[in-house]
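Top line first, the protein sequences correspond to chains A and B.
Per the numbering used here, the very first residue in the first sequence carries number 477; after that it's consecutive.
Per the numbering used here, the very first residue in the second sequence carries number 664; after that it's consecutive.
For the record, the hints were derived by calculation from the structure and aren't laboratory data.
Some hints could be false.
A short list of chain B residues far from chain A (calculated; beta carbon distances all over 12 Å) [stated by the list, open to error]: (1) GLU679; (2) LYS681; (3) GLY682; (4) ASN702; (5) ASP715.
The list that follows gives simulated cross-link-like pairs (lysine to aspartate or glutamate, EDC-like), each with its CA atoms no further than 20 Å apart [stated by the list, open to error]: (6) A:LYS670 <-> B:GLU688; (7) A:LYS935 <-> A:ASP910; (8) A:LYS794 <-> A:ASP767; (9) A:LYS677 <-> A:ASP730; (10) A:LYS625 <-> A:GLU714; (11) A:LYS667 <-> B:GLU688; (12) A:LYS667 <-> A:GLU714; (13) A:LYS493 <-> B:ASP678.
Stretch-level coverage of chain A by chain B, calculated; a stretch enters the list once three of its residues show a Cβ under 8 Å from a Cβ in chain B [claimed, not checked]: (14) 482-495; (15) 849-863.
All residues carry an ideal CB built from backbone N, CA and C; glycine is no exception.
So you can see what is in the structure, the chains are spelled out below.
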Amino acid sequence: MVQYSKPRSFYDTFERKGEGQISTHYCPGCGHGNAHKLIAEAIDTLGIQDRVVFLSPVGCSVFAYYYFDTGNIQCAHGRAPSVGTGVRKTLDDAIVISYQGDGDLAGIGMASIVHAANRGENITVFFVNNAIYGMTGGQMAPTTLIDQKTQTTPLGRNLQRDGNPIGMCELMDSLETPVYIERVTFSSPAKIMKARKVVRKALQNQIDKKGFSFVEILSPCPVNWKMSPTDARRWVSESLEPIFPVKNFRDLDDVRGESAKLPLMEGNRLLDYLKPEKHISPEAPNETVVDQQVKIAGFGGQGVMSAGVLLSNCVIQKGLNTTWLPSYGPEMRGGTAYASVKVSTQPIGSPVVDFPNVLIAMNGPSLEAFEEKVPAGGLIMVNTSLISRKVQRKDVRTYYLPATELAKDVGLIATANIIVLSIYFLISEVVDLDTFRKVIPLSLKKKQLAEMNLQAVDKAEVYFSEHPLEQS
Amino acid sequence: MAQTSEGNYIVINPDECKGCRLCIEACPFQCIVIGSDINSLGYQYAKFEKPDCTACGLCFYACPEPGAITVYKAEKTGGKA
Ligand SMILES: Cc1ncc(C[n+]2csc(CCOP(=O)(O)OP(=O)(O)O)c2C)c(N)n1
Ligand code: SF4
Ligand code: SF4
Ligand code: SF4
């Protein structure tokens with residue numbers, strides 16, 4: 477009769493490098509494997525395999541998603557608790573497991589873990605503390621011991637120079653909101669078996685919607701500690717355990733996870749919020765529209781962001797899909813700024829525009845930055861009021877217009893964005909100007925400026941009728 | 664009882680073992696030894712040797728590999744094993 481065997485929540489094979497692999501990528505004797513086993517076993521026991529969203533970190537355990545047959549997200553370095561917060565707020569039923577190393581959690585991700593804990597998110601965090609950066613070859617971690625030799629502390633960690641090892645359980649224990657905090661150790665098989673219960677409890681808490689549970693695991697990294705696997709286990713007990721006491725820090729009975737929950741918003745209400753204006757309903761989409769990947773670029777204050785928003789709002793009106801992604805330089809005014817807008821009859825996967833088939837260059841640096849990125853056959857619109865040079869590419873369509881001067885004629889330089897956008901609509905025929913005229917007053921924050929913006933549309937229409945796009 | 668105890672055993676899959684010897688150190692009854700053969704991963708892998716196994720599971724939890732060790736407990740009905 478099978479008494480102990482590979483937990484079912486692991487994949488049968490780990491297809492990381494080719495098919496049929498059955499062993500992990502971890503070094504012999506590494507504690508990550510033990511941690512994986514305990515977690516997988518607890519998932520089995522609690523019957524939550526279909527609900528788990530496993531967050532893997534950056535570090536040696538970055539590939540955890542090759543092992544756990546659950547939902548998986550590989551998170552940016554240290555940000556798993558923030559990703560987990562997002563999952564928590566959107567998937568009511570999910571069991572969120574944040575699995576992190578000490579570099580990941582206590583180094584680069586310190587802010588993320590502290591705030592998730594402080595908000596009492598109903599998630600479970602397994603913190604694998606091996607007192608070193610494993611993946612990158614053994615640099616000092618926040619939890620490295622005093623006098624411990626690492627690649628970056630070759631003479632040993634020094635209190636004055638490098639600070640003291642951070643006790644994450646102790647730090648968690650200084651916060652009001654976590655419900656469960658415990659440190660366990662992998663120094664011996666008996667203690668690993670003891671840790672099973674803690675792992676299960678930390679997950680049970682989440683099922684019971686109790687709130688934030690934190691389990692720190694003292695775990696060996698034989699390779700970077702430069703020890704045999706068996707010596708490394710001994711070092712956990714002789715050196716790590718005295719500095720990081722193995723004990724329960726907190727085990728509350730309150731149910732805190734429920735109150736931390738946001739009310740879920742119905743899909744339709746969300747759409748209402750996102751609609752440009754509630755009383756215009758979108759038209760049936762024109763399926764012949766060619767996908768537009770638009771980059772509107774200029775300096776801050778030229779209205780490139782609001783041009784992007786206006787474009788997207790008009791597109792929504794046309795029943796099409798769209799995204800708008802702003803990108804600012806560090807300055808509020810005067811730096812470079814660009815808006816990326818996608819338009820498609822199909823759902824849009826990513827809002828990033830790397831190769832715009834429409835470039836609207838409002839100033840010189842924008843043309844410099846993006847001219848080469850435009851695919852052949854694309855359109856480049858140039859604001860000649862601020863750009864004296866011509867487009868060098870011969871394989872794209874171009875349209876030159878003195879947008880800033882035209883806007884000055886209207887009486888408001890800030891309408892240069894409306895001028896270029898109007899002409900872009902006339903060239904592309906993605907949106908008709910009547911729709912644009914309807915959307916402008918709804919999108920503008922300062923209503924009294926709407927009139928001038930509408931005049932800018934008229935101005936652009938006249939200009940375009942006198943200067944049509946040259947066919948090449 | 665001796666019967667039951669004799670019926671317990673573990674199976675170590677040679678191709679999942681990394682030869683770390685943690686199971687060997689874990690076993691209270693020295694049931695496991697390191698073999699001399701090399702497996703497909705390039706490690707000298709561990710072997711179950713002595714039939715004094717109690718199916719305690721210490722080796723299973725000591726082993727970091729998900730599926731390298733499986734522990735079997737003899738059926739309690741006695742005699743059969
Ligand atoms: C943003 C970023 N900074 C730095 C790195 C390099 N890096 C990769 S893993 C790691 C530390 C991993 O240490 P730890 O979290 O202790 O995990 P372990 O590998 O020991 O399990 C670092 C600094 C990175 N990948 N990304
Ligand atoms: S480097 Fe250390 S933490 Fe990483 S897999 Fe190897 S033993 Fe484990
Ligand atoms: S189950 Fe227990 S007794 Fe049997 S081999 Fe493993 S450690 Fe030894
Ligand atoms: S603990 Fe596992 S990997 Fe290590 S020697 Fe034993 S069976 Fe092999």
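Hints, verified against the model:
{"no.": "1", "hint": "GLU679", "verdict": "5 Å, violated"}
{"no.": "2", "hint": "LYS681", "verdict": "4 Å, violated"}
{"no.": "3", "hint": "GLY682", "verdict": "6 Å, violated"}
{"no.": "4", "hint": "ASN702", "verdict": "10 Å, violated"}
{"no.": "5", "hint": "ASP715", "verdict": "16 Å, holds"}
{"no.": "6", "hint": "A:LYS670 <-> B:GLU688", "verdict": "18 Å, holds"}
{"no.": "7", "hint": "A:LYS935 <-> A:ASP910", "verdict": "14 Å, holds"}
{"no.": "8", "hint": "A:LYS794 <-> A:ASP767", "verdict": "14 Å, holds"}
{"no.": "9", "hint": "A:LYS677 <-> A:ASP730", "verdict": "14 Å, holds"}
{"no.": "10", "hint": "A:LYS625 <-> A:GLU714", "verdict": "16 Å, holds"}
{"no.": "11", "hint": "A:LYS667 <-> B:GLU688", "verdict": "14 Å, holds"}
{"no.": "12", "hint": "A:LYS667 <-> A:GLU714", "verdict": "14 Å, holds"}
{"no.": "13", "hint": "A:LYS493 <-> B:ASP678", "verdict": "16 Å, holds"}
{"no.": "14", "hint": "482-495", "verdict": "holds (count 3)"}
{"no.": "15", "hint": "849-863", "verdict": "violated (count 0)"}
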